[in-house]
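For this one, chain A is given, so just place chain B with the ligands on it according to the hints.
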Amino acid sequence: MRIVIAKPGLDGHDRGAKVVARALRDAGHEVIYTGLRRTPEQIVRTVLDEDADMLGLSSLSGAHAFLFPRVCQLLVEAGCTDVTVFGGGIIPLDERSLLFDSGMRAIFGPGTKMHEMSEFVDAVISRSSSNQPVGVGEGGDWVWSSGE
Amino acid sequence: MPKSLLEQAISGNRRSLAKLLTAVENGEVSRDSLKLSTRVADGSVIGVTGAPGVGKSCLIERLLSTWTSNGLKVAVIAVDPSSPLTGGALLGDRVRMESADDNPNVFVRSFAARNQPGGMPNAVVLAADVMRNCGYDIVLIETVGSGQSEIRVVSVADRIVLVEAPLRGDEVQAEKAGVMELADMIVVNKSDLDGSERAAANIISSLELTNNPPPVLLTSAKNSAGIDDLATQLRTLRAKPDAELARARERLLTAWDNALLSREDIDGVLDGLAGSENSAQEWVDKNLRW
Ligand code: B12
Ligand SMILES: Nc1nc2c(ncn2[C@@H]2O[C@H](COP(=O)(O)OP(=O)(O)OP(=O)(O)O)[C@@H](O)[C@H]2O)c(=O)[nH]1
Ligand SMILES: [Mg+2]
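Chains as they are written, first to last, in my numbering: chain A, 1 to 148; chain B, 1 to 290.
Extracted from the complex, chain A is given alone in its bound form:
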């Protein structure tokens, strides 16, 4: 899988994003890291040019409620409906359904084990190979829950 890991907005916490990028590399994926402080537009352009299969967003500063849905919307507008979007960071449980509604398929909080993230990626691979919806604009109500 080609996976973009991106940090939208002004949030300067990049440890988590880097840890996740390395873990996904170690799980055998090709991971493109964008660096800090990217706008939603820049992130979508990276996904487009790199022809990524998945996009992981990281936010610890509290701006996820605005930035994550914005990225999802722009991706759909750019025609990248089949890209799977997931995320992590400091994201309160009661704010997650809004993100799932915008097309995200998984949210991982602090302390997430690396094997769980790669289980999620594997689930995406197996679902998409059987033509079940996984993309940001593909609808369906599947979201990842641990232990699946």
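No lab work stands behind these hints, which were simulated from the structure alone.
All C-beta atoms in this analysis are idealised placements derived from N, C-alpha and C, irrespective of residue type, glycine included.
Please note: incorrect hints may appear among the correct ones.
Pairwise CB distance ranges (calculated) [to be verified]: (1) A/F100 x B/D229: 51 to 61 Å; (2) A/G140 x B/D194: 55 to 65 Å; (3) A/R37 x B/E197: 31 to 41 Å.
Residues from chain B shown here face chain A by an in silico Cβ test under 8 Å; the list is partial [as the list claims (entries may be wrong)]: (4) R15; (5) G88; (6) L90.
Pulled from the structure, derived: some chain B residues nowhere near chain A, Cβ distances all over 10 Å [said to hold, decoys possible]: (7) S4; (8) C58; (9) V95; (10) L253.
Coordinates of chain B with the ligands only, in the frame set by chain A:
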């Protein structure tokens, strides 16, 4: 299907170009299926090589902004290593290339080396040609920057720029002899740091006794010193005349490696070698004829 993707890419559709590059990278399309003729090595595909951390990506960013402000369209292929054990890769060169994210006349694509011999995927040749056909005037190829890939880049690029930086020690430069002989230009970056002028002087004096020494430039990607000069000289850079034989050798080795590794029985051959007493040399003697 691939042909129409190429047509869409040529008409400026970024997503089509991106999808086509994926197909090229995965070996799903060939030069024949795209009906692309072999490109003349006119100096428009430039390899940027040099050890990790010397500033290749930052220099490329400076070149992108200089050239695009002169009305050129520029594409970049940034190659990073793949893990031989898991096949995974962390592609981080984009972080240093801000233009990659919003300049409409720039297209940056990251390639994982995918354990291709020499750390330089063969697909890069066709990928660069596709980019040239899609209206990108210049294609820059950033290498992994270590080991063989430094030299292998001569088999995919028209011109080679070797980037050095101060504080890297004389021994390192001696090890670089191989690629120094092939480089069409040597750039000593980080001229804002102490020791850069001495590093450049050392390189110039070590090249004095060779035929056709390449130009040596001092630059700073940090404060932009020397960048305009670099951008101008690269547009008319000549291939080092006496390097033809060495280049041909690298091209042959690359083609040979690819032919070997794309044999249908290669997985079986490798399994056999990994699990048996037979040496690779014996296998070669027995199975390869020319
Ligand atoms: C270290 C840290 C910093 C460091 C950051 C260093 C760096 N380069 O990253 C420094 C000191 C710079 C810093 C600064 C600030 N911080 Co701070 N910081 C933390 C702290 C203590 C730990 C974060 C961390 O690195 N964790 C380790 C990593 C590995 O975990 P992680 O990021 O959570 O990632 C894991 C998961 O979330 C998930 N994940 C994360 N991203 C992604 C992405 C994907 C795709 C996936 C799949 C998974 C995933 O996987 C990871 C592994 O399990 C947290 C508190 C906390 N316990 O979280 C506060 C915290 C995040 N900071 C906070 C604040 C307020 C700030 C400051 C504004 C403080 C200030 N007033 O100056 C500044 C702002 C900096 C900026 N420019 O944005 C608040 C945020 C509050 C909020 N969201 O409402 C927190 C929550 C502390 C708190 N309880 O108040 N901080
Ligand atoms: N002082 C100074 N630092 C520089 C200059 N150019 C690059 N750097 C710094 O050198 C470091 C490495 O720069 P990169 O451009 O990522 O180097 P690279 O050669 O692409 O590295 P790899 O891709 O890892 O092989 C970064 O911290 C840059 O900020 C320069 O001209 N002067
Ligand atoms: Mg680099």
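Beyond 10 Å from every chain A Cβ - status for B/C58: Non-interface label stands for B/C58: nearest chain A Cβ at 13 Å, farther than 10 Å.
Hey, does the B/L90 contact hint survive, CB to chain A under 8 Å? holds (5 Å)
Hey, is B/L253 genuinely clear of chain A, shortest beta carbon separation above 10 Å? holds (26 Å)
Range hint 55 to 65 Å: satisfied by the CB atoms of A/G140 and B/D194? holds (60 Å)
Taking 31 to 41 Å as the hint, is the beta-carbon distance of A/R37 and B/E197 inside that range? holds (35 Å)
Given a cut of 8 Å on the nearest C-beta pair, is the interface hint for B/R15 held or broken against chain A? Holds, because the Cβ-Cβ distance from B/R15 to chain A comes to roughly 6 Å (cut-off 8 Å).
Examine each Cβ of chain A, and state whether all of them lie more than 10 Å from the Cβ of B/V95. violated (4 Å)
Confirm or reject the statement that B/S4 sits farther than 10 Å, beta carbon to beta carbon, from all of chain A. holds (16 Å)
Measuring from beta carbon to beta carbon, are A/F100 and B/D229 in 51 to 61 Å? Holds, since A/F100 and B/D229 (Cβ atoms, about 53 Å apart) stay within the stated range.
Hint check: 8 Å Cβ-Cβ cutoff, B/G88 to chain A: holds (4 Å)
Checked against the numbered hints above, the structure violates only hint 9.
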